[in-house]
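> Listed here are the chains, written in short residue letters.
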Amino acid sequence: NAGVTQTPKFQVLKTGQSMTLQCAQDMNHNSMYWYRQDPGMGLRLIYYSASEGTTDKGEVPNGYNVSRLNKREFSLRLESAAPSQTSVYFCASGGDRVPYEQYFGPGTRLTVT
Amino acid sequence: AQSVAQPEDQVNVAEGNPLTVKCTYSVSGNPYLFWYVQYPNRGLQFLLKYITGDNLVKGSYGFEAEFNKSQTSFHLKKPSALVSDSALYFCAVRVGGGATNKLIFGTGTLLAVQP
Chain A
1 NAGVTQTPKF
11 QVLKTGQSMT
21 LQCAQDMNHN
31 SMYWYRQDPG
41 MGLRLIYYSA
51 SEGTTDKGEV
61 PNGYNVSRLN
71 KREFSLRLES
81 AAPSQTSVYF
91 CASGGDRVPY
101 EQYFGPGTRL
111 TVT
Chain B
1 AQSVAQPEDQ
11 VNVAEGNPLT
21 VKCTYSVSGN
31 PYLFWYVQYP
41 NRGLQFLLKY
51 ITGDNLVKGS
61 YGFEAEFNKS
71 QTSFHLKKPS
81 ALVSDSALYF
91 CAVRVGGGAT
101 NKLIFGTGTL
111 LAVQP
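Taken in sequence, the protein lines are chains A and B. End of the first sequence sits at 113 in this note's numbering; the numbers just go up one at a time, nothing left out. End of the second sequence sits at 115 in this note's numbering; the numbers just go up one at a time, nothing left out.
Chain A with its partners taken away, still in its complex shape (with noise of 0.2 Å):
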């Protein structure tokens, strides 16, 4: 049982590159989420998907996109890489149901230069 897997586990970009996180759960959660960490900020919602075919903006959505493929997974699209979201980028899946308990993937650390 994996849980929720991420990849890329590292990667560094260049000021205007895009790339796509990905995120896979197994656990037949209908939603899932993407945070951002940054130090001294907790975590900051960026978007979410309450069940396959819908997503919904969080707190700091400006600069991304997302896609919920299927019931399994929810990607994250950066289109034109700024240093600002340089940042600690989590997968989560759960909260379904009471107890509305998330579980985290391992996170990916993404540098923008």
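Since the hints were derived computationally from the structure, they do not count as laboratory data. These numbers were taken from a predicted model, which means no experiment stands behind them. A virtual CB, placed ideally from N, CA and C, is assigned to each residue, including glycine. Some hints could be false.
Unchecked claim - Calculated cross-link-like contacts (lysine-lysine; reagent style DSBU-like; alpha-carbon spacing at most 30 Å):
#1 Lys69(B) x Lys22(B)
#2 Lys9(A) x Lys71(A)
#3 Lys69(B) x Lys71(A)
#4 Lys58(B) x Lys69(B)
#5 Lys49(B) x Lys69(B)
#6 Lys9(A) x Lys49(B)
#7 Lys14(A) x Lys57(A)
#8 Lys71(A) x Lys57(A)
#9 Lys49(B) x Lys57(A)
Claimed, not checked - Not close to chain A: a few residues of chain B, all C-beta gaps over 12 Å, as computed:
#10 Asp9
#11 Ala14
#12 Gly16
#13 Pro18
#14 Thr24
#15 Gln38
#16 Asn41
#17 Gly43
#18 Leu47
#19 Asp54
#20 Gly62
#21 Gln71
#22 Pro79
#23 Asp85
#24 Asn101
Said to hold, decoys possible - Computed from the model, here is a short list of chain B residues facing chain A with C-beta under 10 Å:
#25 Val13
#26 Phe34
#27 Arg42
#28 Lys49
#29 Ile51
#30 Phe63
#31 Phe67
#32 Ala92
#33 Arg94
#34 Phe105
#35 Thr107
#36 Ala112
#37 Pro115
The hints should help you fit chain B onto chain A, whose structure is shown.
Below, chain B without anything else, positioned relative to chain A:
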């Protein structure tokens, strides 16, 4: 506005001593509260939750948390700290409803346990 506050950036405690990591929340309705732990270069791991019932909730690794409705607090506690407990701890509260269930996280508290 719905929010979670962790007033301490860092908590230092000696091994064997009790520890407390503080969390207060502001949310409409009955709160669903969570504690997560993050070890260096790892994702977040679920520690414990409060949904309803007893105000003292027990979780993984000997941690417990006390829910106090009048003080809108959900402090994390452990009777005897271990060096291996050193990590970043996050408090979170559920917001939304129906098919939309999101968590709002505090800014995190770094726990440092000295041998």
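> If a hint holds in the structure, say so; if it does not, say that too.
Status of the hints after comparison with the structure:
Annotation: proposed proximity of lysine 69(B) to lysine 22(B) holds, straight-line Cα distance about 14 Å (limit 30 Å). A C-alpha spacing of about 22 Å is found between lysine 9(A) and lysine 71(A), which places the hinted pair at or below 30 Å, so the restraint holds. Proposed proximity of lysine 69(B) and lysine 71(A) is contradicted: the alpha carbons are some 37 Å apart, above 30 Å. Annotation: proposed proximity of lysine 58(B) to lysine 69(B) holds, straight-line Cα distance about 17 Å (limit 30 Å).
For the hint linking lysine 49(B) to lysine 69(B), the alpha-carbon distance of about 15 Å falls within 30 Å, and the restraint holds. Of the pairs offered as hints, the one joining lysine 9(A) and lysine 49(B) holds, with about 29 Å between alpha carbons and a cut-off of 30 Å not exceeded. Between lysine 14(A) and lysine 57(A), the direct Cα distance comes to roughly 25 Å. Compliance with the 30 Å bound is thereby established for this hinted pair. This hinted pair checks out: lysine 71(A) and lysine 57(A) have alpha carbons roughly 18 Å apart, not beyond 30 Å.
A distance of roughly 26 Å separates the Cα atoms of lysine 49(B) and lysine 57(A); the hinted pair therefore holds under the 30 Å criterion. With a least beta-carbon separation of about 8 Å from chain A, aspartate 9(B) fails to lie farther than 12 Å from that chain, contradicting its non-interface assignment. A cut-off of 12 Å between C-beta atoms confirms that alanine 14(B) is not in contact with chain A; the least separation is 26 Å. Annotated as non-interface, glycine 16(B) keeps its C-beta farther than 12 Å from every C-beta of chain A; the closest such distance is 29 Å.
Every C-beta of chain A lies more than 12 Å from that of proline 18(B), the closest at about 25 Å, which supports listing it as non-interface. Once the 12 Å rule is applied to beta carbons, threonine 24(B) is consistent with being away from chain A; the minimum gap is 14 Å. Listed as a non-interface residue, glutamine 38(B) fails to keep its Cβ farther than 12 Å from every Cβ of chain A; the least gap is roughly 8 Å. The Cβ of asparagine 41(B) sits about 8 Å from the closest Cβ of chain A, inside the 12 Å cut-off, so the non-interface label is violated.
Not every C-beta of chain A lies more than 12 Å from that of glycine 43(B), the closest at about 4 Å, which undercuts listing it as non-interface. Not every CB of chain A is more than 12 Å from the CB of leucine 47(B) (nearest about 10 Å), against its label as outside the interface. Remark: the non-interface label on aspartate 54(B) is consistent with the geometry, its nearest Cβ contact in chain A lying 14 Å away (cut-off 12 Å). Distance check for glycine 62(B) against chain A: the nearest CB is about 19 Å away, which clears 12 Å, and the non-interface claim stands.
No Cβ of chain A approaches the Cβ of glutamine 71(B) within 12 Å, the least distance being about 21 Å, so the stated non-interface status holds. For proline 79(B), the shortest C-beta to C-beta distance to chain A comes to about 24 Å, beyond the 12 Å cut-off, and the non-interface label holds. Residue placement check: aspartate 85(B) keeps its beta carbon more than 12 Å from all beta carbons of chain A (closest about 19 Å). Its beta-carbon lying about 4 Å from the closest one in chain A, asparagine 101(B) breaks the requirement of being farther than 12 Å from that chain.
The beta carbon of valine 13(B) is not positioned within 10 Å of any beta carbon in chain A (closest approach about 21 Å), and the interface hint is therefore violated. For the restraint placing phenylalanine 34(B) at the interface with chain A, the shortest Cβ-Cβ distance is roughly 6 Å, inside the 10 Å limit, so the hint holds. At its closest, the beta carbon of arginine 42(B) sits 6 Å from a beta carbon of chain A; the interface hint therefore holds under the 10 Å criterion. Residue-level restraint check for lysine 49(B) holds (minimum Cβ-Cβ distance to chain A is 5 Å; threshold 10 Å).
For isoleucine 51(B), the interface hint holds, the least distance from its beta-carbon to any beta-carbon of chain A being 5 Å, beneath 10 Å. Restraint check, phenylalanine 63(B) versus chain A: the minimum CB separation of about 15 Å is more than 10 Å; hint violated. Annotation: interface hint on phenylalanine 67(B) violated; nearest CB of chain A at approximately 14 Å, more than 10 Å. Proximity of alanine 92(B) to chain A holds as hinted, the smallest CB-CB distance being about 8 Å (cut-off 10 Å).
Interface hint at arginine 94(B): satisfied, since its Cβ lies 5 Å from the closest Cβ of chain A, which is below the 10 Å cut-off. Among the interface hints, the one on phenylalanine 105(B) holds; its C-beta lies about 4 Å from the nearest C-beta in chain A, closer than the 10 Å criterion. A least Cβ separation of about 4 Å between threonine 107(B) and chain A falls short of the 10 Å threshold, and the interface hint therefore holds. For alanine 112(B), the suggested interface contact is broken, since its CB lies about 16 Å from the closest CB of chain A, more than 10 Å.
With its C-beta approaching chain A no nearer than about 26 Å, proline 115(B) sits outside the 10 Å limit, and its interface hint is violated.
Of the hints listed earlier, those the structure fails to meet are numbers 3, 10, 15, 16, 17, 18, 24, 25, 30, 31, 36, 37, in rising order.
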